[in-house]
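Novice: All chains should be built: construct the whole structure from the sequences, respecting the hints.
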Amino acid sequence: MKRPAPTNARNIRLWQAALLIGLFAVWHVLTQPGLVPPLFFDNDRQAAFFFGEPLKIFSRVWVWFVRDADIYRHLAITLTETLLAFGIGSVLGLAAGLWLALAPTASAILEPYITALNSMPRIILAPIFAVWFGLGIASKVALGVTLVFFIVFFNVYQGVKEVSPVVLASARMLGANQKQLLRHVYLPSATSWVFSSLHTSVGLAFVGAVVGEYLGSSQGVGYLILQAEGSFDINTVMAGILVLTGFALLLDMLVGRIERRLMKWQPREAQTETL
Amino acid sequence: MTAPALALSGVACTFTSRDDPGQRYTAVQDVTLTVGAGEFVAVVGPTGCGKSTLLNVAAGLLAPSAGSVSVFGEPLAGLNRRAGYMFQADSLMPWRTAQQNVMAGLEFRGMPLPQARHEADDWLKRVGLGGFGNRYPHQLSGGMRKRTALAQTLALDPDIILMDEPFSALDIQTRQLMENEVLALWQAKKKAVLFITHDLDEAIAMSDGVVVMSAGPASRPIGAFDVDLARPRDVAEIKTSPRFVELHAAIWAVLRDEVLKGYAQQLQAVAT
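Chains as they are written, first to last, in the numbering used here: chain A, 26 to 300; chain B, -15 to 256.
Some hints could be false.
[To be verified] Label pairs and their calculated CB-CB ranges: (1) Ala253(B) with Ser221(A): 33 to 43 Å; (2) Ala248(B) with Lys289(A): 45 to 55 Å; (3) Thr(-14)(B) with Lys204(A): 33 to 43 Å; (4) Lys204(A) with Ala73(B): 20 to 30 Å; (5) Gly94(B) with Leu45(A): 56 to 66 Å.
Think of the hints as simulated: they come from the structure by calculation, not from any bench.
In this text, a Cβ means the ideal position worked out from N, Cα and C, and glycines have one as well.
Specialist: Encoded structure:
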């Protein structure tokens, strides 16, 4: 992707903001009772009931974050679950990927099981995890781990399989033993693949946490949404979704930062500092 | 007489296809080759004649189907620990800086890191890359990557240096510079070198002896020539000396038929 010139980039940001404001404006006009005559509904309150009203949604977010300031506890729980799921899932995926990629017999034996586990719709494990680990953080982390694990696992497995044979032979000729090969060749090569999947796996850890909360919990943003749904409070549901989306974006940005910091050995297209 | 640094006797390499074991391909056959200590031997041959296979055998990366390899009189089993290998393709670890790449071998051998770093910097300076130590391979040009790889190989001070068309990817000017640098470094240390190339000029200009391989499959040496040109040499200047021209004509007479044979085979392979 070409990087646009700075003025161009600012214009693009402006357009993005305008689009967002426009979307909310259209939403507001179509749902505010009495503003336009009902187009699809019999009653001019129905649009607001089904789709919520942006102003009420924003006031809900305001109440959460500023007036009552009671969402932080829930957010902290959700983010903790996300980070734990991501961390544990990544480490397990990395370890399993390295092991199976370097042990052909084990990987041949386990291959159908891994395929089966991967193709299984793992979200349905959530109720089982709730029974095993209770309604607290652990069951959500477990769900997130099952989602993250396979993404990282497959990427590491692939990464180790695709280590350049020349680099590998060169390291061996330089005298690297098995352990040093693992640490200095396989691991760095695999990590680059882990990072390429980082955006997906952080997103999935987040999904695991929220879905887990949604299916049964006593705290977390998913829980707030579940509560609001129970009382047909569409505005709060929408506010919850908005907050989750915002934080997903924030997490994604953070991952991008870390990736750029750690993967500076990888060539990027925008980079022209060659000599 | 002391044992040669590297001796291949009766080496053959037959590859079988993993999917179809009936399909076999003999890359090299009946190769007997010696490189004395401190001797610079070049192997030339048409493309696809199994030159790289030979080098992998000498490095211990590939076990020969038949024949044996001995290193300073000892039969080779496993990796050749006394050899350094400069590969044709990029072999630097992309996640390490130039300095970290050069010190990799020292680090693997358990040298304390500060000392390894110091030696790596020395070597980088020697190959003309002082001050580029903190660059990653992708930030270096092709020639600089080759220099880094050269420093990486030589930093370990191997008794035998195996080089697989190390400069084939470089432009002609950079290539001559590198060839002269390698010669100067070799002159100072006098290691045994087995140098694979498809470029006859390069082979004669650099080596003490040229071995010509036949076209594959079942490629084997079909001629060996002593190169009695005076040292130190400049690879660009020596090409105009009468003795060089004479040697070139003699070796080319042997090589030409093989090159044509190899070329015809490749055309045939494409046609079928």
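Novice: Would you pick out the hints that fail for this structure and give their numbers low to high?
Specialist: Violated hints: none; all satisfied.
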